[in-house]
Amino acid sequence: MRQLKETGWMHNRLRMITAMFLVKDLGIDWRMAQRFDPDGHFIRRHVRELAGVADPKAVHDPHGVLGAAAIRRLGYPAPIVDHRTASRAIVGLFKAAADAAKQAK
391 MRQLKETGWM
401 HNRLRMITAM
411 FLVKDLGIDW
421 RMAQRFDPDG
431 HFIRRHVREL
441 AGVADPKAVH
451 DPHGVLGAAA
461 IRRLGYPAPI
471 VDHRTASRAI
481 VGLFKAAADA
491 AKQAK
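Converting from the sequence shown to our numbering requires adding 390 to each position, the first position being numbered 1.
Hints are not guaranteed to be accurate.
The calculated lysine to any residue pairs, modelled on SDA-like cross-linking and capped at a C-alpha distance of 20 Å, are [to be verified]:
1. Lys447 <-> Ile433
2. Lys495 <-> Ser477
3. Lys414 <-> Ile433
4. Lys485 <-> His473
5. Lys447 <-> Phe426
6. Lys395 <-> Thr408
7. Lys414 <-> Ala486
Hints were generated in silico from the structure; no laboratory data involved.
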């Protein structure tokens, strides 16, 4: 964060570590963009496939709101994983690692 404050730039690895800390350690919901940008202006500006989408809910959750045909027309990419399934799996792995570490002591 100091690098970002001082230079206006942060290395990709540091951004990933920061994001992981915010989500996994502080429990900050990664979907908070809706709270800070409810109209989706930031997303429309930087995700050109969604620039013409009028519904803010669809901008924040295109796969949950728009149909498959609309997603294809926009050229918006399909998710690479199902978030709910992947999240459960990762939490399970973290728990297993923590349990193994406790048993090793």
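Next on the checklist: Against the 20 Å threshold, does the CA-CA distance of Lys414 and Ala486 hold or violate the hint?
Outcome noted: Between Lys414 and Ala486 the Cα gap is close to 16 Å, so the pair holds against 20 Å.
Item to check | Agreement of Lys395 and Thr408 with the hint, judged by alpha carbon distance not exceeding 20 Å | outcome: holds, 14 Å
Checklist entry - If you draw a straight line from the CA of Lys495 to the CA of Ser477, is it 20 Å or shorter? => result Not OK: Lys495 and Ser477 at ~28 Å, beyond 20 Å, violated.
Item to check | Pair hint outcome, Lys447 versus Ile433 [Cα-Cα no greater than 20 Å] | outcome: holds, 11 Å
Checklist entry - Are the Cα positions of Lys414 and Ile433 separated by 20 Å at most? => result violated, 23 Å
Item to check | Restraint check for Lys485 with His473, where alpha carbons must lie at most 20 Å apart | outcome: holds, 18 Å
Checklist entry - Within a Cα-Cα threshold of 20 Å, do Lys447 and Phe426 meet the stated pairing? => result holds, 13 Å
The earlier numbered hints that this structure contradicts are 2, 3.
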